Every structure is written in C-alpha cells, then in structure tokens.
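Protein sequences, first through last, are from chains A and B. If you count by this note's numbering, then the first sequence holds residues 1 to 140, one letter each, in order. If you count by this note's numbering, then the second sequence holds residues 1 to 176, one letter each, in order.
What the hints contain is simulated information worked out from the structure, not anything from laboratory work. Heads up, a few of these hints could be off.
[Claimed, not checked] Within a straight-line C-alpha distance of at most 20 Å, the following computed DMTMM-like cross-link-like pairs (lysine to aspartate or glutamate) qualify: (1) A:Lys33 with B:Glu6; (2) A:Lys73 with B:Asp29; (3) A:Lys67 with B:Asp29; (4) B:Lys115 with A:Asp70; (5) B:Lys115 with A:Glu34.
From a predicted model like this one, the values you see are computed outputs, not experimental measurements.
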Amino acid sequence: MTEEEFPFLELFNDLARIYLERELLINMVANGKELTLTDAERIVDRIIEDFHLLKLIRMLDRFFLIKERDSVKIVRSYRYRLNLFVDRTIGLDSFASLLHLKREELENMLIKEKENLLKRRREFPILEAQLAVLLKWHGR
Amino acid sequence: MEDEEELIMIEHTEENYFDTCTVIDRIDDHSQYHSNVTRAINQIKGRLVFSEYMENELKSVLRHAQRFSQRKDNLLSNYDSLKRTLNIVWVATTPQISNLHNVCRRISRRIGGLKFQDMVHIGICGLERIINIISDDRHIYGNINIVRQELSHFYPGISDPRHVYTTRQGYLRRMV
Numbered sequence: 001m002t003e004e005e006f007p008f009l010e011l012f013n014d015l016a017r018i019y020l021e022r023e024l025l026i027n028m029v030a031n032g033k034e035l036t037l038t039d040a041e042r043i044v045d046r047i048i049e050d051f052h053l054l055k056l057i058r059m060l061d062r063f064f065l066i067k068e069r070d071s072v073k074i075v076r077s078y079r080y081r082l083n084l085f086v087d088r089t090i091g092l093d094s095f096a097s098l099l100h101l102k103r104e105e106l107e108n109m110l111i112k113e114k115e116n117l118l119k120r121r122r123e124f125p126i127l128e129a130q131l132a133v134l135l136k137w138h139g140r
Numbered sequence: 001m002e003d004e005e006e007l008i009m010i011e012h013t014e015e016n017y018f019d020t021c022t023v024i025d026r027i028d029d030h031s032q033y034h035s036n037v038t039r040a041i042n043q044i045k046g047r048l049v050f051s052e053y054m055e056n057e058l059k060s061v062l063r064h065a066q067r068f069s070q071r072k073d074n075l076l077s078n079y080d081s082l083k084r085t086l087n088i089v090w091v092a093t094t095p096q097i098s099n100l101h102n103v104c105r106r107i108s109r110r111i112g113g114l115k116f117q118d119m120v121h122i123g124i125c126g127l128e129r130i131i132n133i134i135s136d137d138r139h140i141y142g143n144i145n146i147v148r149q150e151l152s153h154f155y156p157g158i159s160d161p162r163h164v165y166t167t168r169q170g171y172l173r174r175m176v
C-alpha cells in the first residue's frame with residue numbers, strides 16, 4: 001500500500017503495530033489456568049483504555065476472523081491473514097523483533113505507542129472510515 | 001514419483017515436535033480427528049516438544065476462529081492440562097528463533113506453496129535437533145528437505161527433521 005492508495009498510511013501503520021503488540025501481549029498474559037483468554041483481553045484492553053482506539057482495534061479483529069472449520073485450514077487461513085496484514089503494515093522485520101520480547105517490555109512499548117497515537121486522536125474518525133473501506137474490500 | 005510411507009514406532013530417545021493444527025485436534029474434542037490424534041500421541045514413547053512460537057499461534061487461532069469463539073477459554077485450559085500431563089520439553093522464542101522468521105521469509109520466495117511459518121516450525125526443529133515434526137497437515141512438510149537445504153545456507157549444520165503425521169486409524173506414519 002502507498003500513501004496515494006491509502007491516505008493516513010503512517011497513522012494506520014501505528015494502529016497496526018498497536019494491534020499486533022496487543023495480540024502478543026494477550027497471548028502472553030493468558031495461561032489457561034488462572035487467566036483465560038477472555039481475562040487476558042480484558043487486562044490488556046484496560047491498558048489501552050481509550051474507547052475510540054478500542055473500537056478501531058475491534059474493527060481490525062474482523063479482518064482476522066477465520067471462518068474455516070478444519071484445523072489445518074484454520075491454521076493456514078490465520079497465517080495467510082497475518083502475513084498479509086504484517087506485509088502491508090509494519091513489515092516482517094519489525095514484527096519478528098516483537099516476538100522475543102518479555103511481557104514487561106511489550107507492555108511498556110504498548111503504553112508508549114498508545115500515548116503517541118492518542119495525540120492524533122482527532123484523526124480517528126477518518127481512520128475509522130478508511131478501515132471500514134478496507135474491510136469492505138476484503139469482504140469483511 | 002509418489003512419496004513412500006512407513007508405519008513407525010517412535011523410539012524412547014526421539015524428540016517429537018507438535019505443530020499448531022495437531023495440538024488443536026488434540027485439545028478439541030469436537031474435531032473429527034480428535035480421537036485419532038489422541039490415540040497416535042499416546043503411542044509416543046519419546047519426549048514431546050512444544051514451542052512458545054506454536055503456543056502463540058495457537059492462542060491467536062483460538063481467539064480468531066469462529067469455530068472456537070464460544071470455547072476458546074475451555075480449549076486453552078485443555079491445552080494447559082495437556083502440557084502438564086505430557087511433561088513436555090519447552091522451546092522458548094529466542095532472538096535466534098525470531099531471526100529464523102526473517103530468514104524463512106527470504107527463502108519462502110524460492111519455495112512455493114509453503115507459508116513462511118511452516119518453515120519456521122521446520123527451522124525450530126532443525127536448530128533444536130528435534131527428530132520428528134508431528135503435523136496433521138501432510139502438504140506442509142512435502143518440501144521438508146528443500147527447506148532444510150535452504151536453511152543450511154544460513155545455519156550450517158542444521159539437522160534434518162522428519163515429517164510424521166497421524167492416520168485416521170490413529171497410527172503415526174512418516175514419509176521416507
């Protein structure tokens with residue numbers, strides 16, 4: 001994607017980065033014993049806190065919705081969507097560098113980047129409209 | 001030429017790595033392959049290996065697949081019990097494994113039909129010298145030798161894992 005095809009690309013990429021960090025953090029927090037995936041989502045969303053930002057994140061969740069029924073196809077579909085998303089946003093190098101971070105490092109990174117993104121809060125309605133178009137393109 | 005297959009008994013000394021779809025079939029008792037996979041896993045006498053990389057993928061899949069939306073918490077709890085019952089060996093995502101991601105991405109352009117994550121799983125086994133990769137996805141590891149060959153340019157001495165899959169009768173088979 002280029003700036004011409006998709007205005008506010010930088011803003012969108014910042015949102016994508018926060019989305020991916022949130023994903024990794026939720027997975028890190030949930031252990032299946034004391035903390036379920038639902039609990040972990042609640043904990044991480046409490047860090048993000050901002051209602052409008054959470055709304056944008058929920059919209060991105062729709063892009064990752066997997067409709068297949070068979071485990072092999074489910075995993076393949078997830079990988080396809082993740083690759084597409086990472087490729088067109090933050091890039092694989094940047095994503096790979098998040099994979100071995102500790103929980104605390106990831107949490108601090110998420111807080112810092114959320115605060116930076118919230119400085120551009122006034123542009124969120126435009127980003128929301130762009131996201132809606134993007135989801136429509138992908139039949140979501 | 002068609003691949004030859006053989007029925008195998010896994011030795012006590014062999015380590016066995018599980019990829020994401022096999023773990024899903026094991027923890028999801030609604031899956032049509034659940035009993036086959038369970039039976040097949042019960043035959044394994046060697047050590048069982050899970051990776052942090054696989055676990056991260058598993059949790060994302062549980063959260064995003066429509067099929068699991070109502071059961072994701074129960075399934076993760078099943079996974080946690082499985083992990084403790086099987087007394088698994090754990091492979092953490094080190095910077096080397098993160099870097100494997102980038103390498104696999106680069107070579108994936110030369111190997112058609114595979115997602116680079118498939119190669120990361122093969123690479124983890126190669127780096128950790130794990131003998132068997134147990135995966136229900138027969139197509140993924142059809143190119144296992146080519147992947148290893150490509151990876152060996154970046155990681156000399158990387159080992160050559162073998163693909164093992166579960167049959168409908170609950171046996172383990174491997175390509176030879």
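Each hint tested on the structure:
1. In summary, the hint linking Lys33 of chain A to Glu6 of chain B is not supported, as the alpha carbons are separated by about 39 Å, beyond the 20 Å threshold.
2. About 17 Å separates the Cα atoms of Lys73 of chain A and Asp29 of chain B, which keeps this hinted pair within 20 Å; it holds.
3. Between Lys67 of chain A and Asp29 of chain B the CA atoms are separated by roughly 19 Å; this keeps the pair inside 20 Å, and the hint holds.
4. Distance check on the hinted pair: Lys115 of chain B and Asp70 of chain A sit about 18 Å apart at the alpha-carbon level, within 20 Å; holds.
5. Between Lys115 of chain B and Glu34 of chain A the alpha-carbon distance is near 33 Å, which puts this suggested pair outside the 20 Å criterion.
In this structure, the hints that do not hold are numbers 1, 5, in rising order.
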